[in-house]
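Residue numbers (my numbering), protein chains in the order written: chain A, 1 to 717; chain B, 1001 to 1080.
Keep in mind that the hints were calculated from the coordinates and are not lab data. The beta carbon of each residue, even a glycine, is placed where N, CA and C say it ideally should be.
Straight-line alpha carbon distances no greater than 30 Å define the calculated DSSO-like cross-link-like pairs of lysine-lysine that follow:
| hint | chain 1 | residue 1 | chain 2 | residue 2 |
| --- | --- | --- | --- | --- |
| 1 | A | Lys271 | B | Lys1020 |
| 2 | A | Lys136 | A | Lys161 |
| 3 | B | Lys1016 | A | Lys148 |
| 4 | A | Lys173 | A | Lys74 |
Just some of the chain B residues that point at chain A, by a computed CB distance under 8 Å:
| hint | residue |
| --- | --- |
| 5 | Asn1027 |
| 6 | Arg1030 |
| 7 | Arg1031 |
| 8 | Leu1033 |
| 9 | Asp1034 |
| 10 | Gln1047 |
| 11 | Val1063 |
| 12 | Arg1067 |
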Amino acid sequence: MSAIKQIKKSDELNSYQEQFIIEKTDSDEIVVAIAGNPNVGKSTIFNSLTGLNQHTGNWPGKTVSNARGKFVHKNKSYILVDIPGTYSLMASSVEEEIARDFICFGNPGATIIVADATCLERNLNLVLQVLEMTEKSIVCVNLMDEAKRKKINIDVKGLSKLLGVPVVGTCAKNRKGLVDLLDQIHNITVENQKTNTFILKYDNSIEEAIKILEPAVHKNLVGLNSRWVTIKLLDGDVRLINSINKYCNIDILENKEIVSKLQSAREYLNKMGIDNVLLRDKIVSRIVCKAEEISHRVVYYENENYNLRDRRIDRLLTSKTFGIPIMLLLLSFVFWVTLAGANYPSELIFNGFSWVEGKLDSFFIYLNAPWWLHGVLVKGLFKTVSWVVSVMLPPMAIFFPFFSLLEDLGYLPRVAFNMDNFFKKVCAHGKQALTMCMGFGCNAVGVTGCRIIDSPRERLIAILTNNFVPCNGRFPTLIAIISIFFVGAQAGFFSSIISALLLTSVIVLGVITTLAVSKLLSRTLLKGLPSSFTLELPPYRKPQIAKVITRSLMDRTIFVLGRAVAVAAPVGILIWLLTNIYIGELSILAHCAGFLDPFARLVGLDGVILLAFILGFPANEIVLPIIIMSYMSGGSLLQLDDLFQLKELLVANGWTWITAVCVIIFSLMHWPCGTTVLTIKKETRSMKWTLASILIPTILGLSLCFIITTVSRIFIN
Amino acid sequence: MNDNTFPLSYLPLGRKARVKALTSVGNTRRRMLDLGIIYDTEVEALQKSPSGDPVAYYIRGAVIALRSDEASKIIVEEIK
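Could you build the full structure based on these sequences and the hints that come with them?
Structural data, given as structure tokens:
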């Protein structure tokens, strides 16, 4: 077995329960969980240990499902499970429940708790909660370099003494301290090194109540930490009771002994004047106070104003006057760099492919290959794939690194902060801005990301509207149409600026639509008030530029491109067949397009465009290539010498600026792609909402296109 | 509790206060406690978002944005 082997990338499509089944290829393998607050470098540690490229970003909620990877240390193999980053394990949201259940019932050999050295007190809240659950823990104080820069000193040894478990100081991005971390994992799992059970003492009356209930829990629930379960039962944690039922097959509320002891413990607490609310306050306060106490003993600030710079940046980036303009400018700037930078390489790649195509043509002719084989392979498969690659690759290779850079800096939570009031006004959740940002990459990821929203109502709104953010599959279509249709062939400075502004307007339109639809849903199908909302604004980080570039190229660009090519290849063949098999006078494609045409014309499109969107259901990337292939087979233009002849092709097929506008709007608002629909089905577990997620954008897009077409026709005639 | 207390949402930017009571209930109350907003915790109002709501507060070494709905349910006393 190879030392580092990939088993499974983040398993978005797995349901929660399935995530607990860890596939061991060898029964000796040890499961190690990695927990921590969001945004403390968990994923970086995960990647460094396993060699996997789990995407990381400086914002809460990146890891929303349990990613797994393997590593080997001292001849022992381990399975590392990256569980969602949470601030707490009180299980008030789905991700907290997943995290807690894995630590509690996933039975990991050890749990690594990653903490942020620059913000230790806050992180200790989670650390203490995990230590209450399991003593087989290792605390990893990460970002030691950032702390050093801010002149924050941490007594790692002292912390270890106070907590009773090993503590390792690391700087994961430079791999500092990771060997030490591996050794500690080895000590705990293989050598069975004893750690001290961390017991947090509560008020006397609470301790008395624990004494009443704990023996019964200990007797009836084998394998669980009885003190911890006792506290949760006293607290009346329904979600934990459900989880125990699910994973241990014991219905606690059916167990007479536990129920009667729980009853007497509660009566005792009531007698002491502690009702449920006060009990919960006391339990949580105790943890917070303990975190404060420990932090005071092990953290030394040389400079009390260590975060002054962050505050200054925040004052600018979220200011009343500049906050939103800066946001739009940044977005436009990223688009501008993408558009201006992508032009030339696109052309180059396109020419390269054309050259290869010429050679392939000669080769097939030389072989005397049958015409249909030549057609299917070269004119169908090769040509479609080359279109997809030359149109998609350059913009993605520029856009993603830039976007990742903003993520890395910690800008995205500020976007959510700036945008929150809009979401509040439409009775939606402020974190919807974050799930929308995920949607920029991939709507399916955005939909899964909605798990960071606790309230089911607001989560559903976020899921149903995620599709209004164009994912990277739709970006190239938007970019191509804007740059060739509205800006013209000359790739000048001004034209690229206009393109960037137009693209930004499209995104703004998407955001406005999201807000409008959210409001509509809040007023009708999903009535309700906004739930409580808290958002952490993490410290700004110096981005690791080289890493950001390679990571976003490897992780995102290549991955997305690969998927697009995998879909484009068979569709290319299909298109060729559809355009070359004739029924009567017309090809099958012409029949289909002709059938759709009257309807499509009503909404400003034509039959071919609508057919392309339908065939693009598996992946939106292929919509534009299908349109081009279909038009080219129509005979109006057989050979495209360069990308800018595209406009001629489109105009020759009856495109006007209205057609272009309608295609842009329809691209922004139509059914989600196949993967996204499946993900929505999985996340909502409801046919009704899945159907709604398809119908809402489709109806909206069709109506909008219809209005635009009708109005413009009235004015033009 | 004395008369100098007021909801956190009224705390001017740049000023500090101590938490004296929490009037929210249920899940919201739990969230607030979880953030470390308990009796006597020091809170500083840092920054308003462009529309004035939410406001970012400095709480136990972390910057946390709270909507006015939540902040108005945290009763504080200003540290002079």
